[in-house]
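Engineer: Residues per chain, in single letters:
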Amino acid sequence: MLPAAAVLYFPWEVTSGAVQEGASVRTFGRLVSYQPEESRATLSAQHASKEHHVVVCTSFVEPFNPIVGAQYVVLGEKENTDGDDVMVRARVLNCVDGVNIALLQKAINEQRSFFMERDCKQDNAAQSADAT
Amino acid sequence: MQAATMDPAEEPPSLLWGMDPVFSAFARLYIKDILQMTESIQVPGIYFYNFHPIYKVDVLGTVVYKREREKFFCYGVDDGTGVINCLCWKNDLLKEAADPDKSAGKDSDGGQGGFNPAAELKKLKRAQQSRCRLEIGELLRVRGPVKTSRQQREIMASTFYKVNDPVMAVQIAWMMEVPQLYRQCYDKPLQLQPDASSDSAISPLGKATNIIKDFLKQRSVTRFRPYDVQELLEPLISNQRQAASADQEPVAGPSACQQLRQLLKETLQLLQDEGVVYRKVRSQDEVYNVTVQDKDLFIAVKDIITVDSKIEKYAEKGCHILHILTAVRHRYSLNVSKAVLELVLKSLECNSDIVSTRDNYYTVF
Numbered sequence: 001m002l003p004a005a006a007v008l009y010f011p012w013e014v015t016s017g018a019v020q021e022g023a024s025v026r027t028f029g030r031l032v033s034y035q036p037e038e039s040r041a042t043l044s045a046q047h048a049s050k051e052h053h054v055v056v057c058t059s060f061v062e063p064f065n066p067i068v069g070a071q072y073v074v075l076g077e078k079e080n081t082d083g084d085d086v087m088v089r090a091r092v093l094n095c096v097d098g099v100n101i102a103l104l105q106k107a108i109n110e111q112r113s114f115f116m117e118r119d120c121k122q123d124n125a126a127q128s129a130d131a132t
Numbered sequence: 001m002q003a004a005t006m007d008p009a010e011e012p013p014s015l016l017w018g019m020d021p022v023f024s025a026f027a028r029l030y031i032k033d034i035l036q037m038t039e040s041i042q043v044p045g046i047y048f049y050n051f052h053p054i055y056k057v058d059v060l061g062t063v064v065y066k067r068e069r070e071k072f073f074c075y076g077v078d079d080g081t082g083v084i085n086c087l088c089w090k091n092d093l094l095k096e097a098a099d100p101d102k103s104a105g106k107d108s109d110g111g112q113g114g115f116n117p118a119a120e121l122k123k124l125k126r127a128q129q130s131r132c133r134l135e136i137g138e139l140l141r142v143r144g145p146v147k148t149s150r151q152q153r154e155i156m157a158s159t160f161y162k163v164n165d166p167v168m169a170v171q172i173a174w175m176m177e178v179p180q181l182y183r184q185c186y187d188k189p190l191q192l193q194p195d196a197s198s199d200s201a202i203s204p205l206g207k208a209t210n211i212i213k214d215f216l217k218q219r220s221v222t223r224f225r226p227y228d229v230q231e232l233l234e235p236l237i238s239n240q241r242q243a244a245s246a247d248q249e250p251v252a253g254p255s256a257c258q259q260l261r262q263l264l265k266e267t268l269q270l271l272q273d274e275g276v277v278y279r280k281v282r283s284q285d286e287v288y289n290v291t292v293q294d295k296d297l298f299i300a301v302k303d304i305i306t307v308d309s310k311i312e313k314y315a316e317k318g319c320h321i322l323h324i325l326t327a328v329r330h331r332y333s334l335n336v337s338k339a340v341l342e343l344v345l346k347s348l349e350c351n352s353d354i355v356s357t358r359d360n361y362y363t364v365f
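The listed protein sequences derive, respectively, from chains A and B. Using this note's numbering, the first residue of the first sequence is number 1, and each one after it goes up by one. Using this note's numbering, the first residue of the second sequence is number 1, and each one after it goes up by one.
There could be a bad hint or two in this list.
Claimed, not checked - Distance condition first, Cα-Cα at most 25 Å in a straight line; then the derived DSS-like pairs of lysine-lysine:
#  : chain 1 : residue 1 : chain 2 : residue 2
1  : B       : K280      : B       : K313
2  : B       : K147      : B       : K125
3  : A       : K121      : B       : K71
4  : A       : K121      : B       : K32
5  : B       : K346      : A       : K78
6  : B       : K162      : B       : K213
7  : B       : K123      : B       : K147
8  : A       : K106      : B       : K66
9  : B       : K32       : B       : K207
10 : A       : K78       : B       : K280
What the hints assert, rightly or not - From chain B, some residues computed to sit far from chain A (all C-beta separations above 10 Å):
#  : residue
11 : K32
12 : E39
13 : T62
14 : V64
15 : V167
16 : R183
17 : D187
18 : S255
19 : S337
If you are wondering where the hints come from, they were derived from the structure by calculation, not from laboratory data. Note that the Cβ used here is the ideal one computed from N, Cα and C, for glycine as well.
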């Protein structure tokens, strides 16, 4: 069976309540720490002068070569842990160091605005169809 | 907007599918849309996104699932909007590559200086092989037709390869490009020209020219006078009048005969402008010569080129078309236009009677 599609989210959206538990997500961040014995890595990203941490459970993607300080992209399911932290159980964890984060954010926004625009049009079309 | 909401009865007729440029392209759709497109009732295997007929797609995504069989790979590809199975047949190369050690054995020979095609080919094959075998998390680009098997959409890869994208440049470019493609093509309804082949689209003048051209060609006419072809155009005028009188009161205007003469005059002018016909002699007696049937003109033009190509000035480059034109007007007929001459030169060249040395220059060997 195929897994669910992993939608791209900004790290600060993953840490806030925007993503439901169990949902498949894809997000990015700088690797700030890795504890192999716990299979626990932490990605960090800055947004609006605040640092956001996404904890990644790496048990499915081990062994991997952790480069602390490098940009990573993670794809997996969001899980809530006992603590306040939000955890993503990674199915994919790729090092993409050198990525143009600003451009990536622009591309994500571009894609979202396209979908919003299209949904809007669909709603309008549906409404006008109802009206007639 | 989306094909999922399309009423099956609204399916565009299959005759028009080929008119849609999207039909013959690999559509770069989001996987979500590929999964939701409605399948055609007329022809299974064709799908509709927003009334665009689609049968092959082009996707880029992360491999999130893989299964290997003897003859194919099955990759689950995730582009952030959906996940789709891609059936990727192994080529012979990949099958025989079960023991890579064997092929890797003798490479070093090529390394001794010089270019060893066999070794290079092997390297190339190995590179190709490594691009076909993907692991979960790697980026895959797939092109191919969409199939539905066991109620599941999948892509039958006609091309597939691993994409090296260490800094996500390819993925970002893709993400920026696809919405533009949607806005410019896929989300725009196809606007076909109102049936270009039907009568209404062509003006009476266009129709009249075609009729006369056909007539001249079929009968191999060499010369004619206007009244020889006048009756060919009569149906056009009477049709027009019928159509007009159907929706409005007949108004006082030029009589049918006048209209016919006017149409004929315009048509002959157009044919002259195109160089299809010309008047060798301007006199009271309106005789039109058909350019391609005018053997004398052909001979005259060929002679001019043959003779003038020998002149030192033209020997190297050949004769320029304007030089030929002047000569033809001088020696054959003053009324030969450039369009006529171009037509003559073109057919002489087609018969290899003359050769163009470059644009607008001609010579004879």
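Engineer: Verify the proposed pairing of K78/A with K280/B, using a straight-line Cα cut of 25 Å.
Structural biologist: With Cα atoms ~87 Å apart, K78/A and K280/B exceed 25 Å; violated.
Engineer: Please verify whether K121/A and K32/B have alpha carbons no more than 25 Å apart.
Structural biologist: Answer holds: K121/A to K32/B is near 17 Å, not above 25 Å.
Engineer: Measure nothing beyond the straight line between the CA atoms of K147/B and K125/B; if it is 25 Å or shorter, mark the hint as holding.
Structural biologist: violated, 29 Å
Engineer: K32/B and K207/B were given as a pair; does the straight-line alpha-carbon distance stay at or below 25 Å?
Structural biologist: violated, 48 Å
Engineer: Please check whether the beta-carbon of E39/B is more than 10 Å away from every beta-carbon in chain A.
Structural biologist: The claim stands: E39/B keeps its Cβ more than 10 Å from every Cβ of chain A (closest is about 19 Å).
Engineer: Starting from K280/B, check that the Cα of K313/B is at most 25 Å away, please.
Structural biologist: Since the Cα atoms of K280/B and K313/B sit roughly 30 Å apart, the hinted pair is violated (cutoff 25 Å).
Engineer: Mind verifying the non-interface call on S337/B? Its CB should be farther than 10 Å from each CB in chain A.
Structural biologist: holds, 54 Å
Engineer: Once the closest CB in chain A is found, is it more than 10 Å from R183/B?
Structural biologist: violated, 7 Å
Engineer: Check the hint pairing K162/B with K213/B against an upper bound of 25 Å on the C-alpha distance.
Structural biologist: Violated, at roughly 56 Å.
Engineer: Is the Cβ of S255/B more than 10 Å away from each Cβ in chain A?
Structural biologist: holds, 49 Å
Engineer: Mind verifying the non-interface call on V167/B? Its CB should be farther than 10 Å from each CB in chain A.
Structural biologist: Violated, because the least Cβ-Cβ distance between V167/B and chain A comes to about 4 Å, which does not exceed 10 Å.
Engineer: Within 25 Å, alpha carbon to alpha carbon, are K121/A and K71/B?
Structural biologist: Violated: K121/A and K71/B sit about 44 Å apart, past 25 Å.
Going down the numbered hints, you'll see the structure goes against 1, 2, 3, 5, 6, 7, 8, 9, 10, 11, 13, 14, 15, 16 and 17, while the others check out.
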